[in-house]
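J.: FYI, the UniProt record's numbering numbers position 141 of the sequence shown as 141, with every residue one higher than the one before it.
If you're looking for bench data, these hints aren't it; they were derived computationally from the structure. Check before you lean on any hint, since a few could be wrong.
Said to hold, decoys possible - Mimicking DSSO-like on lysine-lysine, the simulated pairs with C-alpha atoms at most 30 Å apart in a straight line are:
no., residue 1, residue 2
1, 266, 280
2, 228, 121
3, 266, 228
The structure displayed is predicted, hence computed values, not measured ones.
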Amino acid sequence: MTTSAHFLTRLDQILVYKKGDQRAPHKPLYLLLCIASLQQGLPRLRKFDEVSQVLAEALCRFGPRVATVHPEYPFWRLQHDGLAVVEADGPLDQRASNDDPKVSSLRIQNARGGLTEPDYKLLLGDLELQSIAVHKLLDAHFPASIHDEVLRFFNLVLSDPHSRDNYTERDFRESVLAAYRNTCALTGYSLRFGDAYVGLEAAHLCWPQVGGNDSVSNGVAMTTLHRKLFHLGMFGINENYEIHVSSQLQENTKKGLNLGGLHGRKIELPREPENYPSQKNLKWHAKWVFRG
1 MTTSAHFLTR LDQILVYKKG DQRAPHKPLY LLLCIASLQQ GLPRLRKFDE
51 VSQVLAEALC RFGPRVATVH PEYPFWRLQH DGLAVVEADG PLDQRASNDD
101 PKVSSLRIQN ARGGLTEPDY KLLLGDLELQ SIAVHKLLDA HFPASIHDEV
151 LRFFNLVLSD PHSRDNYTER DFRESVLAAY RNTCALTGYS LRFGDAYVGL
201 EAAHLCWPQV GGNDSVSNGV AMTTLHRKLF HLGMFGINEN YEIHVSSQLQ
251 ENTKKGLNLG GLHGRKIELP REPENYPSQK NLKWHAKWVF RG
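Given these sequences and hints, build the entire structure.
T.: This is the structure:
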């Protein structure tokens with residue numbers, strides 16, 4: 001019999017593709033989609049065509065920058081973790097390189113996939129367990145600054161309506177802000193209210209979810225909004241510490257943020273060279289997060 005503890009343990013143990021510092025959030029995103037489908041009263045097993053459209057968009061928004069996204073990977077491979085099943089009207093033609101079915105075969109055979117029946121029944125009607133599962137997936141695979149964006153994308157409902165930051169960043173934030181003299185490295189923004197600096201955060205270059213550490217050289221001081229945009233890949237910082245804004249950005253305001261106006265500007269650096277953003281970590285962000 002499936003229990004809540006067993007289900008949550010299997011969530012922690014899902015096999016996520018790893019190659020060096022590459023991140024692959026395919027399975028976590030698919031699981032979030034499955035939980036969202038359950039909350040919205042959709043069938044436990046959904047057609048591949050329906051799932052692939054949503055999952056492809058999620059991978060484009062929250063996955064690494066790649067030429068082609070593959071929603072078929074988690075749709076099929078989550079079965080290996082014992083968390084999902086796939087059914088079809090007929091046999092599925094396999095690819096030559098592995099046991100994955102061809103995308104064309106998934107469509108022709110009307111493939112349907114989703115959570116296993118025991119896990120689905122366990123989650124159904126238990127909003128607290130759904131919320132714990134969602135938080136586990138978010139905390140393990142995405143920085144806290146974009147959790148709300150992921151929740152909104154899937155229209156997920158939580159027992160606690162406020163997003164939680166389970167990853168303790170207080171010491172990291174304090175160290176980075178001190179190195180940058182409590183000032184946004186991009187804009188020069190600095191606002192103090194009493195003894196506290198308001199609206200400033202420390203943005204990880206290489207995410208803790210893929211092994212990034214809490215050294216000052218793995219962080220840059222930014223406003224809260226800029227940190228979210230940085231983690232979404234809307235802008236990056238090159239090896240010369242210059243800001244590069246994504247060509248995909250469509251900014252529609254003449255006043256306010258004006259992110260495009262930062263393009264080509266050099267960030268303000270800490271006084272101590274050892275606290276400068278690490279070249280290795282800048283390259284990681286440029287390769288896996290920045291959207292060019």
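J.: Could you run down the list of hints and mark each one as holding or not?
T.: Against the structure, the hints:
no.	hint	result
1	266 with 280	holds (18 Å)
2	228 with 121	violated (35 Å)
3	266 with 228	holds (19 Å)
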